[in-house]
Structures are given as C-alpha cells and as structure tokens.
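As they're listed, the protein sequences go chains A and B.
The first sequence begins at 1 in the working numbering and counts up by one.
The second sequence begins at 1 in the working numbering and counts up by one.
Each hint can be trusted.
Pair by pair, the computed Cβ-Cβ distance ranges are:
no.: 1; chain 1: A; residue 1: Ala29; chain 2: B; residue 2: Gly16; range: 36 to 44 Å
no.: 2; chain 1: A; residue 1: Leu108; chain 2: B; residue 2: Pro8; range: 27 to 35 Å
no.: 3; chain 1: B; residue 1: His73; chain 2: A; residue 2: Glu39; range: 20 to 28 Å
no.: 4; chain 1: B; residue 1: Ser65; chain 2: A; residue 2: Pro111; range: 46 to 54 Å
no.: 5; chain 1: A; residue 1: Gln81; chain 2: B; residue 2: Glu82; range: 36 to 44 Å
no.: 6; chain 1: A; residue 1: Ser28; chain 2: B; residue 2: Glu53; range: 25 to 33 Å
no.: 7; chain 1: A; residue 1: Gly83; chain 2: B; residue 2: His73; range: 30 to 38 Å
no.: 8; chain 1: B; residue 1: Ser65; chain 2: A; residue 2: Gln81; range: 37 to 45 Å
no.: 9; chain 1: B; residue 1: Ile60; chain 2: A; residue 2: Asn27; range: 14 to 22 Å
no.: 10; chain 1: B; residue 1: Pro70; chain 2: A; residue 2: Gln14; range: 46 to 54 Å
no.: 11; chain 1: B; residue 1: Pro70; chain 2: A; residue 2: Arg106; range: 38 to 46 Å
no.: 12; chain 1: A; residue 1: Ser40; chain 2: B; residue 2: Thr13; range: 19 to 27 Å
no.: 13; chain 1: A; residue 1: Ser40; chain 2: B; residue 2: Gly84; range: 21 to 29 Å
no.: 14; chain 1: A; residue 1: Arg110; chain 2: B; residue 2: Glu53; range: 44 to 52 Å
Keep in mind the hints are simulated off the structure, nothing from the lab.
Even glycine gets a Cβ: it sits at the ideal position worked out from N, Cα and C.
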Amino acid sequence: GESVGLHLPTLSVQEGDNSIINCAYSNSASDYFIWYKQESGKGPQFIIDIRSNMDKRQGQRVTVLLNKTVKHLSLQIAATQPGDSAVYFCAETYSSYKLIFGSGTRLLVRP
Amino acid sequence: DSGVTQTPKHLITATGQRVTLRCSPRSGDLSVYWYQQSLDQGLQFLIQYYNGEERAKGNILERFSAQQFPDLHSELNLSSLELGDSALYFCASSVDPTSGGETQYFGPGTRLLVL
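Let's have the full structure, built from the sequences with the hints guiding it.
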C-alpha cells in the first residue's frame, strides 16, 4: 500500500548491529526500485537503487536485495549507527514516472 | 543536500485561500514531480512535468494545479484550501525518466498548515 502514518512498523537495533528492513512491493511489472531514508521534518533522501535485472546491489554500508519471485525487497545496513535512525521507504516504478512508495519502517538505533 | 530547493519552508493560511509553492530542480534535471505527504496517506504522487510539459497525473485534486516554466522551475498552486490539505508537499526532480534517469531526488518540502 501507499500509506504510512502514526502506526509505522518499528525496528529497534543496538548500535553496531546490522539492520534488515523489508518491503513487499505491489507490481510484478515494476522494473526499478529505490530505498529512501526520511528524517523527521526532511525530504526523502536517496540511499540506493536496483533494477529488476539484478538481485543484489551494494553501496557503502548498505545492500539491497531483490527477490522478484515473491516481490520482496530488503535493505541491509551494516554496523548501524545512531545517525541511521529514520523512517525508511522502498519505492517502485514501472512506468518511469510515478514512484509508488511502500509503507515506511521506522528504524531506532539504541546507543 | 539533494540540490532541489523549495520555498517557502512553512506556510500557514486559512481555509478558502490560495497558495503557491515553488520548486527549483537540480541543475540539469528536466523532470519535476510533486508529492503530498500527510500522516494518514503517506507519500502520494500528484503530478509530473518534463521539460515544461505535463507528463503524468496522479491523485491531484481539481483545486490543485501546477506548471513548469522555461527555466525548469515549477510551481504548485493550491486553491480553495481545506483543512485536509494540511500536509508536507515535496518536489522531486530527475534527469530524464525515459532514458534511465528515473532516480528522483527530493527537496526539503513545504509544510502547509490550513487553519
């Protein structure tokens, strides 16, 4: 769905641990996927993307995995830091113009 | 900093009024997108412009309109405002969504409060 609000699922992790945030996308025809990070009062910030012809992509401390069979996307954050605390959204697009945002997940990093 | 700028940052107005939100895309980006984010609806796509022309419409009300100017900046006009229009309005830009440049970079948003 495209809704997010007060009842966001929350992932709480210890600083230094790895985080895994999951997302189920809606359209099997989607060909491009993006993870965004949104801090309170700010705009979504691009983290990493992946095209449908790939199943894994790595960035700095982040990895995105794509499983097209079950329409599932995950974001792995290594050695999670307090600055990683935010709401994370996955987004899909199949027509190169409209991003469909998934339900956000709030990541809380415990010191 | 994404390179996308939006003004104003905050806007407080009354029901029935009209406001204009402004967006300047990243240098070199041809496409501009507008999104609305409210607590109960999440991020909703409103409209897209590409090189001055409307390309796609999403869940945009008839009371809302937008345009993209020759210098590629865009304005979102909201009229006959209602309490439910209170939300964060984001602008995003991308290079060229038709040739692999789909990644959208978001501005800091305009927080609209309708009283």
